[in-house]
Amino acid sequence: SQTIHQWPATLVQPVGSPLSLECTVEGTSNPNLYWYRQAAGRGLQLLFYSVGIGQISSEVPQNLSASRPQDRQFILSSKKLLLSDSGFYLCAWSPRRGGAETQYFGPGTRLLVL
Amino acid sequence: RKEVEQDPGPFNVPEGATVAFNCTYSNSASQSFFWYRQDCRKEPKLLMSVYSSGNEDGRFTAQLNRASQYISLLIRDSKLSDSATYLCVVKGPNYGQNFVFGPGTRLSVLP
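For the protein sequence lines, the chains are E and D, in the order given. Position 40 (the first sequence) corresponds to 264 in the working numbering; numbering is contiguous. Position 21 (the second sequence) corresponds to 124 in the working numbering; numbering is contiguous.
To be clear, the hints were calculated from the coordinates, so they are not data collected in a lab. Owing to the predicted nature of the structure, the values given are computational and were not obtained by experimental measurement. Glycine included, every Cβ here is placed at the ideal spot set by N, Cα and C. It is possible that part of the hints are untrue.
Some chain D residues near chain E, calculated using beta-carbon distances under 8 Å [said to hold, decoys possible]:
#: 1; residue: 137
#: 2; residue: 202
#: 3; residue: 206
Could you build all of it, start to finish, from the sequences and the hints given here?
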């Protein structure tokens, strides 16, 4: 069966510090991978998605970036965090074949920028 | 107009009640539809897919009306454990590999 891991689970960072969040998927190959952010009490905002190694599409211009160095690894980064970067960051995967296949989420990373 | 809209909520219902959630989507080319539930401070989890003919899973019934671009979720005999936020999700060719999430409707089932 497939599993998706995210770490860390929680993170408190000062404004201006760098960020690196990691997501890995097990039990599947060539997944589509996604990064979302959810601000407190708000809906999900798609940040990045990837259909393959090195292929990243950005949905929202901001000070975040994403990379996919391996097929089942997706990394979210920032060089300098802003207060507005606080939120719940969720990684998700879906099968490459698409169609009616749905999306599965990792446990998330709760980020607080102070 | 937002791509996916849901009842604003919150819904506060007593145990045993029947509750219905509504969702509308703007892209008529949308092909796949889902309901997720999200517990407080947790990740969204798939509740059920929504099929054209409608489908049922225990106390949960999902309906799709493509002509009206409308999706619904009915929960019968509500349990305390049903308290969560329910997210309507749409996927279709115009979104590529992306899923579009509604803002969610929060449900509180009261004892």
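Now for the hints, and whether the structure bears them out:
With a least beta-carbon distance of about 5 Å to chain E, the hint placing residue 137 of chain D at the interface is held under the 8 Å criterion. For residue 202 of chain D, the interface hint holds, since its Cβ comes within 8 Å of a Cβ in chain E; the closest pair sits about 5 Å apart. The interface hint given for residue 206 of chain D holds, since its Cβ lies 4 Å from the closest Cβ of chain E, which is under the 8 Å cut-off.
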